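Q: What follows is the residue order along each chain.
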Amino acid sequence: MLSIKNLHASIEGTPILRGINLEVKAGEVHAIMGPNGSGKSTLASVLAGREEYEVTEGQVLFQGKELLELSPEDRAREGVFLAFQYPIEIPGVSTTNFLRTALNQVREYRGLEPLDAVKFLSLMKEKMALVEIDQKLLSRSLNEGFSGGEKKRNEIFQMAMLEPVLSILDETDSGLDIDALRIVSNGVNKLKSEKTATIVVTHYQRLLDYIVPDFVHVLYKGRIVKSGTKELALELEEKGYDWIKEEVDSTATV
Amino acid sequence: MSTLTQQEFVLGLFEAAPATYSSLRQLGKESFYAQGLPALKAEEYKFTPIAKKLETSLTDFSPAKPVKISAEQVKSAVFAGFEGVVLVFSNGQYVPEYSTSAEGLSVRLLSENESTPLGSIAKVDKDPFVALNQATFSDGLHIGIEKNKEIDSPILLLQFHQAQGGQVISPRIWIEAGDFSKATFIDYQISLDDAPYFVNKVVEIKGGVNADLTYHSLQTAHNQVIEVSNVVTDIQKDSQFTSTQITLSGDMVRNNLTLNLLGSNSVGNMYGIYLLNGKTHVDNHTNVDHTIPHAESNELYKGILADQSRGVFNGKIFVRQIAQKTNAFQQNNNILLSDDAIINTKPQLEIWADDVKCSHGCTVGQLDEEALFYLQARGIDKTTAKGLLLYAFAGEVLDKIEVDSLRNHIVAQIQERLGSKF
Ligand SMILES: Nc1ncnc2c1ncn2[C@@H]1O[C@H](COP(=O)(O)OP(=O)(O)OP(=O)(O)O)[C@@H](O)[C@H]1O
Ligand SMILES: [Mg+2]
Numbered sequence: 016m017l018s019i020k021n022l023h024a025s026i027e028g029t030p031i032l033r034g035i036n037l038e039v040k041a042g043e044v045h046a047i048m049g050p051n052g053s054g055k056s057t058l059a060s061v062l063a064g065r066e067e068y069e070v071t072e073g074q075v076l077f078q079g080k081e082l083l084e085l086s087p088e089d090r091a092r093e094g095v096f097l098a099f100q101y102p103i104e105i106p107g108v109s110t111t112n113f114l115r116t117a118l119n120q121v122r123e124y125r126g127l128e129p130l131d132a133v134k135f136l137s138l139m140k141e142k143m144a145l146v147e148i149d150q151k152l153l154s155r156s157l158n159e160g161f162s163g164g165e166k167k168r169n170e171i172f173q174m175a176m177l178e179p180v181l182s183i184l185d186e187t188d189s190g191l192d193i194d195a196l197r198i199v200s201n202g203v204n205k206l207k208s209e210k211t212a213t214i215v216v217t218h219y220q221r222l223l224d225y226i227v228p229d230f231v232h233v234l235y236k237g238r239i240v241k242s243g244t245k246e247l248a249l250e251l252e253e254k255g256y257d258w259i260k261e262e263v264d265s266t267a268t269v
Numbered sequence: 003m004s005t006l007t008q009q010e011f012v013l014g015l016f017e018a019a020p021a022t023y024s025s026l027r028q029l030g031k032e033s034f035y036a037q038g039l040p041a042l043k044a045e046e047y048k049f050t051p052i053a054k055k056l057e058t059s060l061t062d063f064s065p066a067k068p069v070k071i072s073a074e075q076v077k078s079a080v081f082a083g084f085e086g087v088v089l090v091f092s093n094g095q096y097v098p099e100y101s102t103s104a105e106g107l108s109v110r111l112l113s114e115n116e117s118t119p120l121g122s123i124a125k126v127d128k129d130p131f132v133a134l135n136q137a138t139f140s141d142g143l144h145i146g147i148e149k150n151k152e153i154d155s156p157i158l159l160l161q162f163h164q165a166q167g168g169q170v171i172s173p174r175i176w177i178e179a180g181d182f183s184k185a186t187f188i189d190y191q192i193s194l195d196d197a198p199y200f201v202n203k204v205v206e207i208k209g210g211v212n213a214d215l216t217y218h219s220l221q222t223a224h225n226q227v228i229e230v231s232n233v234v235t236d237i238q239k240d241s242q243f244t245s246t247q248i249t250l251s252g253d254m255v256r257n258n259l260t261l262n263l264l265g266s267n268s269v270g271n272m273y274g275i276y277l278l279n280g281k282t283h284v285d286n287h288t289n290v291d292h293t294i295p296h297a298e299s300n301e302l303y304k305g306i307l308a309d310q311s312r313g314v315f316n317g318k319i320f321v322r323q324i325a326q327k328t329n330a331f332q333q334n335n336n337i338l339l340s341d342d343a344i345i346n347t348k349p350q351l352e353i354w355a356d357d358v359k360c361s362h363g364c365t366v367g368q369l370d371e372e373a374l375f376y377l378q379a380r381g382i383d384k385t386t387a388k389g390l391l392l393y394a395f396a397g398e399v400l401d402k403i404e405v406d407s408l409r410n411h412i413v414a415q416i417q418e419r420l421g422s423k424f
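Here the protein sequences line up with chains A and B, keeping their order.
Just so you know, the first sequence maps onto residues 16 to 269 in my numbering.
Just so you know, the second sequence maps onto residues 3 to 424 in my numbering.
So here's chain A without its partners, still in its complex pose (with noise of 0.2 Å):
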């Protein structure tokens, strides 16, 4: 589904990617671990299309097209979601307001025909109830005075809604107590089919006990050093990241 090839990226001139290879199937759960400032998030922003980034040299295939060449909009329409590690705060944009119209429009992308307010209203409430979300909070300003978890329910809710082929979740475990890891990630269970994939960004063996990934990939200094099953998260979780940096760094041509 994702075939990411010696991927480069750099930001005002500082490369923070530097050659990442990753394949992922319909069906899997990939997580990717590493310590702060590896380039994980930067990785899921380029898959979203960020354009402060800017590849300097590798392809991304997704279903066959070529990803890079796509708006983030078409991006998004095509099934790639990014929940974000910081969701940020849109002062007098409700999420129902910009929801349906996103809706709509990746509706209209993929031969759909538009919801009216209706059919939108409750296909809303049922997956409200699917991470448990008030309605209240979706007809607030996005993301204005909600708490962490709040924020981190509100994209794993859009999610359910935009019904994508291949989730990017960085970091949507952080900041969770353990009821709300729980309704998060039974959630993204329960969206996961033959036919999707998810990408876990996460720094805790506790997510991976509710999404339990396929391949661990540990990505540091903007490479994939090292993948494995999920035993390599327990012994991450147990190790810290020391002894694969001392591995990394030893080896190093610079």
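It should be emphasised that the hints constitute simulated quantities derived from the structure, not laboratory data.
A quick note: this is a predicted structure, and the numbers were derived from the prediction, not measured.
Please note: incorrect hints may appear among the correct ones.
Restraint-style ranges between C-beta atoms, simulated for each label pair [said to hold, decoys possible]:
id, chain 1, residue 1, chain 2, residue 2, range
1, B, Gln-323, A, Ser-189, 55 to 63 Å
2, B, Gly-280, A, Lys-151, 35 to 43 Å
3, B, Glu-418, A, Leu-136, 21 to 29 Å
4, B, Asp-401, A, Ser-162, 22 to 30 Å
5, A, Arg-33, B, Gly-280, 57 to 65 Å
6, A, Ser-162, B, Gln-326, 52 to 60 Å
7, A, Glu-261, B, Asp-341, 19 to 27 Å
8, B, Glu-418, A, Asp-257, 57 to 65 Å
9, A, Leu-130, B, Ala-73, 56 to 64 Å
10, B, Lys-149, A, Ser-137, 51 to 59 Å
11, B, Ser-59, A, Leu-136, 31 to 39 Å
Facing chain B, a subset of chain A residues (Cβ under 10 Å, in silico) [as the list claims (entries may be wrong)]:
id, residue
12, Ser-60
13, Arg-65
14, Leu-97
15, Glu-104
16, Pro-106
17, Val-108
18, Leu-114
19, Gln-120
20, Ser-156
21, Gly-160
22, Val-240
We put the CB at the ideal spot given by N, CA and C, even for glycine.
Got chain A; can you put chain B with the ligands on it based on the hints?
A: Just chain B with the ligands, lined up with the frame of chain A:
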């Protein structure tokens, strides 16, 4: 003071002035000559070279005569879903045949009875254009709201404009609202073709005690229109006055809005949106005078400027020494959509009382790129996403407009301008 040559071009206006209100006209004329047109860089018109604009853009400084208005034109100008009174004007002159009425509302031509104390609220020495209007207006309307009458449906002042045998239009309106009355006005100007003209409007509003008055103004003239508008209102005790000023187009527009808070427990609200593109230049000068204790003023103007448009905001809050316990709030926020757009914004606070609450702030920024990306990442195209954000920015002011048909009309215009439906 400006040069004589700059004044000469308005001589035709003086010659054409009718004989009514002759002593007031004489006062206007003298005051105009004493002040002259605002010189280039004159403090009050620092960023708005209005005299130069008039001189270079217009050829015929004689009053535009009223043009024939059809029922069809009136019908199509009224906002969809509008329910209320319509007062029709053609180049400033009242057109009774298409106008309607309501209980408690009275209208009469200013010329019908020369007892209207014109100039007692909008004083000639405050602005040369007030003086010019007072000296040269053709006729106008005296609108009365009966004491104790609450007119719930809005009163639409439909102002049709078209340069016709002369390019100067001088609307003059006097509104007198009795004690405990309530009324909402919508001043809506429509250009009938795209020939240039100059509107020099003066509206005086005399509110009674415990009155609740709202004056919405919608400026959507075509892009060769020069306009100076002076709206001055006297607000008595226990009263509320609200102004909303929406400007979407024009060549050069200068709005002087003055609120005189004359009685305690009164509230004055000033709201505005200017959404500008092309080379449109809009200057909003507001002035609230707190003359008594325990009154409140609220001000919120929002500007969105694209292309080479230019905005000026100057908000003066004057709190006299006696005006203790004043609450005065002012905000002006701007978004510049292009590198060539310019905004000059300035709060001007003169506070002589010591026990007051005053706050003011102005911001100038760009569209939030992160917010834009967020919406795009959800599948919304860039134009629509921009529209959504800008609309949200302006929404705080739009929400103040309680007349649904007017708000919907403005929203539709804004959506069309921003090229997006949402
Ligand atoms: N706008 C920017 N300007 C300059 N440097 C940036 C910018 N955005 C990110 N970086 C740098 O890029 C590097 C990678 O950042 P990124 O956010 O991708 O890390 P991360 O792996 O997601 O970290 P964390 O675990 O803390 O979320 C960091 O060194 C960061 O400082
Ligand atoms: Mg990150």
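Q: For each hint, tell me whether it holds in the structure or not.
A: Hint check results:
1. A hinted range of 55 to 63 Å for the beta carbons of B:Gln-323 and A:Ser-189 is consistent with their spacing of about 56 Å.
2. Here the CB-CB span from B:Gly-280 to A:Lys-151 is close to 42 Å, well matched to the stated 35 to 43 Å.
3. A hinted range of 21 to 29 Å for the beta carbons of B:Glu-418 and A:Leu-136 is consistent with their spacing of about 27 Å.
4. About 26 Å separates the C-beta atoms of B:Asp-401 and A:Ser-162, a value consistent with the hinted range of 22 to 30 Å.
5. Separated by about 47 Å at the C-beta atoms, A:Arg-33 and B:Gly-280 break the suggested range of 57 to 65 Å.
6. A hinted range of 52 to 60 Å for the beta carbons of A:Ser-162 and B:Gln-326 is inconsistent with their spacing of about 42 Å.
7. In this structure, A:Glu-261 and B:Asp-341 break the distance hint of 19 to 27 Å, their C-beta atoms being roughly 49 Å apart.
8. For B:Glu-418 and A:Asp-257, the Cβ-Cβ distance of about 60 Å falls inside the hinted range of 57 to 65 Å, so the restraint holds.
9. The hint said 56 to 64 Å for the Cβ distance between A:Leu-130 and B:Ala-73, and at roughly 42 Å that hint is violated.
10. The given range of 51 to 59 Å is respected by B:Lys-149 and A:Ser-137, whose C-beta atoms sit roughly 53 Å from each other.
11. Taking the beta carbon of each, B:Ser-59 and A:Leu-136 are about 52 Å apart, not inside 31 to 39 Å as hinted.
12. With a least beta-carbon distance of about 9 Å to chain B, the hint placing A:Ser-60 at the interface is held under the 10 Å criterion.
13. Given the 10 Å rule on beta carbons, the hint for A:Arg-65 holds: about 6 Å separates it from the nearest Cβ of chain B.
14. Interface restraint check for A:Leu-97: the shortest CB-CB distance to chain B comes to about 6 Å, inside 10 Å, so the restraint holds.
15. Look at A:Glu-104: its Cβ gets to within about 8 Å of chain B, closer than 10 Å, so that hint holds up.
16. Because the smallest distance between the Cβ of A:Pro-106 and any Cβ of chain B comes to about 7 Å, under 10 Å, the interface hint for this residue holds.
17. Interface hint status for A:Val-108: upheld, as the beta-carbon distance to the closest one in chain B is roughly 5 Å, under 10 Å.
18. A cut of 10 Å between beta carbons decides the hint on A:Leu-114: the least distance to chain B is about 7 Å, and the hint holds.
19. Given hint, A:Gln-120 at the interface with chain B, holds; its Cβ is 5 Å from that chain's nearest Cβ, closer than 10 Å.
20. Taken as an interface hint, A:Ser-156 checks out: its beta carbon lies about 8 Å from the nearest beta carbon of chain B, inside 10 Å.
21. The interface hint given for A:Gly-160 is broken, as the beta carbon of that residue sits about 16 Å from the closest beta carbon of chain B, more than 10 Å.
22. The restraint placing A:Val-240 at the interface with chain B is violated, with a minimum CB-CB distance near 28 Å, outside the 10 Å limit.
In summary, the numbered hints that this structure violates are 5, 6, 7, 9, 11, 21 and 22.
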